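Asks: Here the protein sequences line up with chains A and B, keeping their order.
Counting from 1, position 197 in the first sequence corresponds to residue 196 in numbering that gives the first Met the number 0; the numbering is continuous, with no gaps.
Counting from 1, position 20 in the second sequence corresponds to residue 19 in numbering that gives the first Met the number 0; the numbering is continuous, with no gaps.
Any given hint could be a false lead.
To be verified - One-sided and incomplete, this derived list gives chain B residues near chain A with beta-carbon spacing under 8 Å:
no., residue
1, Arg47
2, Glu52
3, Ala59
4, Glu60
5, Glu80
6, Leu144
Unchecked claim - Computed footprint of chain A on chain B; a stretch qualifies when at least three of its residues, placed anywhere within it, have a C-beta under 8 Å from a C-beta of chain A:
no., segment
7, 17-24
8, 183-195
It is worth saying that the hints were derived from the structure and are not from the lab.
The model shown is predicted, which means the values in this text are computed figures rather than measured ones.
Here a beta-carbon is modelled for each residue, glycine too, at the ideal position from N, C-alpha and C.
There are 2 protein chains.
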Amino acid sequence: MTELDNQQRPSATETVRKLLRADILAGTFAPGEQLRQEELADKFGTSRIPVREALRHLEAEGLVTLLNNRGAKVVSFTSAEVIELMEIRIALECRALRLAIPNMIQSDFDEAKRILVEYDKKSDPAQWAEMNWKFHETLYIPCNLPRLLSLIEGNYGQVSLFVRAQVSMASGKKTPQEEHVDILKACRAGNVEKAVDLLEAHISNTKKALMVQRRRSR
Amino acid sequence: MTELDNQQRPSATETVRKLLRADILAGTFAPGEQLRQEELADKFGTSRIPVREALRHLEAEGLVTLLNNRGAKVVSFTSAEVIELMEIRIALECRALRLAIPNMIQSDFDEAKRILVEYDKKSDPAQWAEMNWKFHETLYIPCNLPRLLSLIEGNYGQVSLFVRAQVSMASGKKTPQEEHVDILKACRAGNVEKAVDLLEAHISNTKKALMVQRRRSR
DNA sequence: CGTCCTCCTTTTGTATATAATTTCGGCAAA
DNA sequence: TTTGCCGAAATTATATACAAAAGGAGGACG
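Hey, can you work out the whole structure from these sequences and the hints?
Replies: Structural data, given as structure tokens:
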């Protein structure tokens, strides 16, 4: 048994934190939006104390910003900061993949494959985001480093606030799905260097797509 | 002006957080030690509320662990977890260095050099840790990605809880200081691949030294 | 002699209350 | 119209109060 089977009953603070994070990631609270403590306390049926503690935690996670006497806002990134998140993705996820590949077993490949197949069936862009994360996560889990995985997940959470539907394919380039297939193939072949290179290119492509997208929306 | 000139006067919560973190990193509170809220509140001259909020933040940072109705402890890592921190160092710091080198200017080299010289003058192992961090930080700062730098700093904070005096050199290997010199030289030469490889080896050596050290202390 | 139960103490978790700060509307003056 | 300055209302920050849970000493029972 690991050390993580502690909490018997979740505290109010943890409940609020979990629900609030889900709301933020689901877009219920938009980036930049003010989060009023009393409102949240009402919504979650607690006093403001657990709300404030949850906000402090989410602040450290990078999902909200707290200013002195001015409360909390959902984070809102500048273009440069979103690019930065992609650099962090490259750093963390490429390392995780590198360490994961030697540990992969058949069921990991099967699971990844299954997700890709399901991916193609879904038509709702909102679900693509979910599938995309599932696929990537599946590739990294075998590295067996929970803290690294948790950093990746936290960073990805911030990313997903801004990279809602990442459909875009630069003209003539491969689609993200095609890239997924290629990455999985390299993993299967045990070709660490190739897989990592492909992953870096994959994330880099998202980064570039974002740069274009953001440049347009001025 | 950036976005970080907000806080006019720091709140009690932030003050407590900063001081408590300093205490933890300085070893005033040892890993595994219980942190009593009332005690901390007294020490910092506040009520327990700011203390609790600071603890929530530090929990998210990974410096303390909170258990339900059982309060906070300074984190205490298993051997495997310390190894994991080094993997995260490799992921984050190698990427930062890679992105930093193209942006380095003369004053960056000068500063790094200055730190290395000072390094040799100090005899107190406690100061080595500080110098070591300063040197690494100096190399990464030119990447100009504040979030990445903040992740690196947070991770390094956890590392420094357990890697007090990293003097050890495996027999026949280079000392950490010699490795520092080599890394800096590669940076000066603009040789990104070599510098990153050296850095990875450098961190890996620390990792290996830790593995030996921990194996002994059983 | 050891184990388990109970009660008391300590400590944590959350609600309520109070203080301090910001925000905003209105009014006056330029 | 615009600017700037009150002052009330809203909102946040912190303290205090109370409730709930954990920890520990002592005693009953095997």
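Asks: Please flag the earlier hints that this structure goes against, numbers listed from lowest up.
Replies: Violated hints: 1, 7 and 8; rest satisfied.
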